[in-house]
Amino acid sequence: MDFDEFTQTGLRPLLKFTRVLTGDRELAEDVVQEVLVRLHARGDRLGDIDHLGAYARRMAVNEYLGWRRKWSRQHPMPVPPEPPPQPDHAERHAEHDWLRAELGRLPRRQRAVLVLRFYAGLTDAEIADEMGCSPGTVRSHASRALATLRVEITHLQELPT
Amino acid sequence: MITESDVRAVLTEQAHDISEPDDILARLTTDRPGRLTANRSWQRRWLAPVAAAAAVAAVVAGGVTLAGPDHKSHQVQPAVHTLPPMGGIEFQFVGDLKAPPHYLIDQPIFADDSQLSFVNGYGVAEIGDVTVYTKGAFDPSTIKNAQPVTIGRIHALFGTVMVTLGPPVGPKVVPTPTLAWQLDSGRWIAITGWWPSELALHHLHLDALTEAKKIAASIDTSVTRPFLIPFRVGYLPSGLQRAGGQYSYPLDNHVVSVDFQAVGHTSPAVHIVTGEADDPRPTTLLLNGHPAGIQTTTELGDPKHPNKITNKTLDLVIYFDQSALTIQTKGVSRAELIKIGSSVSFASNINDTSTWFDAAK
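Taken in order, these protein sequences are the chains called A and B.
Position 118 of the first sequence, counted from 1, bears residue number 104 in the numbering used here, the numbering being contiguous throughout.
Position 37 of the second sequence, counted from 1, bears residue number 19 in the numbering used here, the numbering being contiguous throughout.
Derived from the structure by calculation, the hints contain no laboratory data.
Keep in mind the model is a prediction, meaning the values are calculated, not measured.
Cβ atoms here follow ideal geometry from the backbone N, Cα and C, with glycine treated the same way.
Among the clues, some could well be false.
With beta-carbon atoms standing in for the labels, derived distance ranges [unchecked claim]:
hint	chain 1	residue 1	chain 2	residue 2	range
1	A	E81	B	S249	16 to 24 Å
2	A	A133	B	P82	22 to 30 Å
3	A	A40	B	K117	51 to 59 Å
4	B	A119	A	A40	13 to 21 Å
5	A	C119	B	V245	41 to 49 Å
6	A	R130	B	S(-13)	19 to 27 Å
7	A	I35	B	T(-15)	19 to 27 Å
8	A	G39	B	P178	38 to 46 Å
9	B	G118	A	I35	51 to 59 Å
10	B	K312	A	E81	33 to 41 Å
11	A	G39	B	D5	16 to 24 Å
12	B	G134	A	H37	19 to 27 Å
Far from chain A by the CB rule (all over 10 Å, computed), these chain B residues [as the list claims (entries may be wrong)]:
hint	residue
13	D(-1)
14	H137
15	S249
16	Y301
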């Protein structure tokens, strides 16, 4: 498969995967662009790669894990503007909203493991291979992530309605 | 009860929120035949000095293309230079930022008026910041409803400071709990964060003042530490000063960068960054025994003019110890760039920071 063929058949799945992986549309687009630039730079050697989609997905994971999340947040301002409006707490308590937020707050490696397991459908061994770690580490990340989500969910259910 | 099916459903739902692949491809531009360049979101919408430095680091870590193999390699003779005393930011960490239990504090980033460290705590990334400002860069009157607080021998102010959060959560301005005090050197140090909205998302019932006091008590501001980097530069064009520096995030792939810029300028004239070398690439030079190559990088696009050239640099990439060092320059001639490159010394083992150099020397 050459670069053009990949962009026709493999780009949309890669974009979807990276969107899920990052939880952020623009970051996903940035990561995918980096992957495309790097794939393109390989030129004719791209045809030597088996399972190009999986290869590109691994590149996206590596790119995401190395990406700084929040830039330069510290800018004291002399004149405080009006505080932003508070979100509607009633809406925010919807179960999936909470889950979505919690997924977004997970450490990156934990989130990556969940995405590779539950979205990409990989086994722990395949995830380990993808992330360059041991299956034990994968299970540890998954366990911690799920434990975090369950703790949050338990707490959510205890909230008064 | 949330199940794994719910996790799967929420993840799958996000997959529908994507741009059209053709739009992504349209943003990629060709700066010369056969080479693509990305047009990233930070270029499209928002840019800060630290972000620029870090983002360039990401570009370099992601791979660069060197001049084609049709060019004959040629040897550049080693040149021995000594960098003259230089102004700008001080490449020295102020304070030993030890973290109290439940917390991790990242290595600081050097910006033009401060050194900034991210605080991670209770499993939450970037729950707060520790910032050491240069003299005069922090105005304590910006602390709203400031109350005096004593932590051991520290006499601090605690209140709220308006902070701009960067992308992807921003840019947006939020009132942020801040504990700040002045060091003997006249600098101010501020511990900022524990955003109530973020804590609520994690059901963390943390009191910002209590947590900031824990961090403050663990910091030893009486010491300084060197900013260690895996290379040393012996020559730079005259008129430049130190403008920025940082380690990678996370700290596991040897990405370290330093910036130099002319007085009064806002973007680096020389940005030097190390990172992993992905693949062997065609090189055209041999600098002190290290294969190297020169390329031009063109960045395109802003929200209104996607094809407009926004940045153009002349880059030298030098390969060493299975790593790559990129010297990215603006307004520097090819001859000067090679002179800079030939003045670079490398740590004997990039995996051993005891062999790294003090960036201040």
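Hints, one by one, checked against the model:
1. E81(A) x S249(B): 16 to 24 Å: Distance hint for E81(A), S249(B) is violated at roughly 46 Å.
2. A133(A) x P82(B): 22 to 30 Å: About 23 Å separates the Cβ atoms of A133(A) and P82(B), which means 22 to 30 Å holds.
3. A40(A) x K117(B): 51 to 59 Å: Between A40(A) and K117(B), where Cβ atoms are some 53 Å apart, the hint holds.
4. A119(B) x A40(A): 13 to 21 Å: 48 Å, violated
5. C119(A) x V245(B): 41 to 49 Å: 46 Å, holds
6. R130(A) x S(-13)(B): 19 to 27 Å: 20 Å, holds
7. I35(A) x T(-15)(B): 19 to 27 Å: 37 Å, violated
8. G39(A) x P178(B): 38 to 46 Å: 42 Å, holds
9. G118(B) x I35(A): 51 to 59 Å: 54 Å, holds
10. K312(B) x E81(A): 33 to 41 Å: 51 Å, violated
11. G39(A) x D5(B): 16 to 24 Å: At 20 Å between Cβs, range holds.
12. G134(B) x H37(A): 19 to 27 Å: The hint (19 to 27 Å, Cβ to Cβ) is violated, given that G134(B) and H37(A) are roughly 58 Å apart.
13. D(-1): Answer for D(-1)(B): violated, closest chain A Cβ roughly 6 Å.
14. H137: 20 Å, holds
15. S249: 14 Å, holds
16. Y301: It holds; Y301(B) is separated from chain A by about 16 Å at its closest Cβ, greater than 10 Å.
Consistency with the previously given hints fails for numbers 1, 4, 7, 10, 12 and 13, ordered from lowest to highest.
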